[in-house]
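Going down the list, the sequences are from chains A and B. Heads up: the first sequence begins at 7 in this note's numbering, then just goes up one per residue. Heads up: the second sequence begins at 3 in this note's numbering, then just goes up one per residue.
Heads up, a few of these hints could be off.
Covered by chain B, per the in silico footprint, the following chain A stretches (three or more residues, Cβ under 8 Å) [claimed, not checked]:
#1 85-98
#2 248-258
Footprint (simulated), chain B over chain A, 3 or more residues, beta carbon under 8 Å [stated by the list, open to error]:
#3 113-126
#4 147-157
#5 161-170
#6 175-183
Just the calculated beta-carbon pair ranges, DEER-fashion [said to hold, decoys possible]:
#7 B/34 x A/39: 36 to 44 Å
#8 B/41 x A/39: 25 to 33 Å
#9 A/104 x B/88: 22 to 30 Å
#10 B/49 x A/216: 29 to 37 Å
Note that these hints are calculated values from the structure, not bench results. As the structure is a prediction and not an experimental result, all values here were calculated from the model. Don't be surprised by glycine CBs; every beta carbon is placed ideally from N, CA and C.
Here is what each chain is made of, one letter per residue.
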Amino acid sequence: MSLVYAGVLSHAPGITGRAQLVKNVAKRDEFYAALDRQREEIEASGAEALVVIAAEHFANFFMNNMPAYCIGIGEKYSGPIEDPAWLKIEQTKVPGAPDLARRMTQEVLRTVDTAYAEEWKFDHGIMVPLHFLTPQFDLPIIPVNINCQGPPLTPLHRAWSFGEAIRRAADSVPEKIAVVGTGGISHWPATPDSGKINEAWDREFLDRLSRFDKDALLSYSDEETYRDAGQGGFEIRTYIATAAAAGGPCDVQFFTSELPIFAVSCTVARFEIEPGN
Amino acid sequence: MSLYYLQKILYELNRDESTQKAFRQDPADVLYKYELTDEERGAIEDGDIGLLYVLGVNGQILMHYAAFLGIEWFDYLDLMRAGVDRHGPVRAGIYAMTGDGNTFTPEGADKNGENRK
Numbered sequence: 007m008s009l010v011y012a013g014v015l016s017h018a019p020g021i022t023g024r025a026q027l028v029k030n031v032a033k034r035d036e037f038y039a040a041l042d043r044q045r046e047e048i049e050a051s052g053a054e055a056l057v058v059i060a061a062e063h064f065a066n067f068f069m070n071n072m073p074a075y076c077i078g079i080g081e082k083y084s085g086p087i088e089d090p091a092w093l094k095i096e097q098t099k100v101p102g103a104p105d106l107a108r109r110m111t112q113e114v115l116r117t118v119d120t121a122y123a124e125e126w127k128f129d130h131g132i133m134v135p136l137h138f139l140t141p142q143f144d145l146p147i148i149p150v151n152i153n154c155q156g157p158p159l160t161p162l163h164r165a166w167s168f169g170e171a172i173r174r175a176a177d178s179v180p181e182k183i184a185v186v187g188t189g190g191i192s193h194w195p196a197t198p199d200s201g202k203i204n205e206a207w208d209r210e211f212l213d214r215l216s217r218f219d220k221d222a223l224l225s226y227s228d229e230e231t232y233r234d235a236g237q238g239g240f241e242i243r244t245y246i247a248t249a250a251a252a253g254g255p256c257d258v259q260f261f262t263s264e265l266p267i268f269a270v271s272c273t274v275a276r277f278e279i280e281p282g283n
Numbered sequence: 003m004s005l006y007y008l009q010k011i012l013y014e015l016n017r018d019e020s021t022q023k024a025f026r027q028d029p030a031d032v033l034y035k036y037e038l039t040d041e042e043r044g045a046i047e048d049g050d051i052g053l054l055y056v057l058g059v060n061g062q063i064l065m066h067y068a069a070f071l072g073i074e075w076f077d078y079l080d081l082m083r084a085g086v087d088r089h090g091p092v093r094a095g096i097y098a099m100t101g102d103g104n105t106f107t108p109e110g111a112d113k114n115g116e117n118r119k
């Protein structure tokens, strides 16, 4: 049928794995409530499959053969690859949507040379969002990856084109499709500086996202992003692709810089879905 | 310098249960397949998070490896700081320490507090 929901959310492993270390419990629970509302909105949309545009962390792809973009067309997936006790998410199987994903991939390929994969192990980058958005792991998932880890990285304008292609693909199938993008904004994860964020930069980025200001969103150079938003900032590609898929502005439903133990500004937003081309 | 293979070992180890089992029994059974310097080999054999960090192992790969080794969160951050103290700045990659080694997580500031146990 079409795209019925588009949003973004954070995915940092601490969100589940370090929940018990949080000092600001009220803020944490406010964040969890915002994620729960996002789940309710996706359920209310009638989505038959959830496309997760993620930035994985070497669970499947490595520099021996790194795709800029990849779409999962598998029947089922498993995760997390991390120690379940560390992430505090049990190992589980997640249903895929092989037929639908193949049709969507074929449509994406008209404009973007995406890779595809029938095997995919989920890391925290997908498992944390699913833990909140489909806690029974019963909604068919189409995992999508944009390489945000191993430079050379795909340019932002190509991430935009990829998002547009995902939208065209969603509109080309009879099923109802929800899309979420998941990444950090500024952060320095997995370094001794974990917990460091650039709140002003985050707010500026979210302002550009919420106004659907394409030119401003695509104007960041990787050098600037690395300097101002850390290596974790490269994950803005997932938000940018999701904005392009939605084709409209977004409402930032939750944002906080007050949970440094989660290593990122925790964010939840929902896009307005404008008519596709 | 074979950072690529150093990271590839950890990538395989992080995602593959049979590699994990073999590594737990005898790291040599896994490491012999890869060309490594003595320093790199020693860092993996010793589970030396600080040295692996300084050698430039991607932070996400290293974080998952630290979880595999069962290292607690704040200890893991401290081990990376100690690595920089001992071996100097991160030599490669995009996961350099940008602060002066201070903590950005107040939850971890109290070294003897509840959170450290």
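Now the hints, each set against the structure:
Here's how the segment 85-98 of chain A fares: 5 of its residues keep a CB closer than 8 Å to some CB of chain B, so the rule of at least three is met and the hint holds. Only residues whose C-beta sits within less than 8 Å of a C-beta in chain B count toward coverage, and the segment 248-258 of chain A has 0 of them, not enough to reach three; the restraint is violated. Under a criterion of three residues with beta carbons nearer than 8 Å to beta carbons of chain B, the stated coverage of the segment 113-126 of chain A fails, only 0 such residues being counted. With 3 residues having a beta carbon nearer than 8 Å to a beta carbon of chain B, the segment 147-157 of chain A meets the requirement of three or more and the stated coverage holds.
For the segment 161-170 of chain A, the proposed coverage by chain B is not satisfied: 0 residues have a C-beta within less than 8 Å of a C-beta in that chain, short of the threshold of three. As drawn, the segment 175-183 of chain A meets chain B at 0 residues by the rule of a beta-carbon pair under 8 Å; below three, the given contact is violated. With their beta carbons about 51 Å apart, residue 34 of chain B and residue 39 of chain A fall outside the hinted range of 36 to 44 Å. Checked against the given bound of 25 to 33 Å, the beta carbons of residue 41 of chain B and residue 39 of chain A, roughly 48 Å apart, lie outside it.
In this structure, residue 104 of chain A and residue 88 of chain B break the distance hint of 22 to 30 Å, their C-beta atoms being roughly 50 Å apart. In this structure, residue 49 of chain B and residue 216 of chain A break the distance hint of 29 to 37 Å, their C-beta atoms being roughly 44 Å apart.
Of the numbered hints given earlier, the model fails hints 2, 3, 5, 6, 7, 8, 9 and 10; all others are met.
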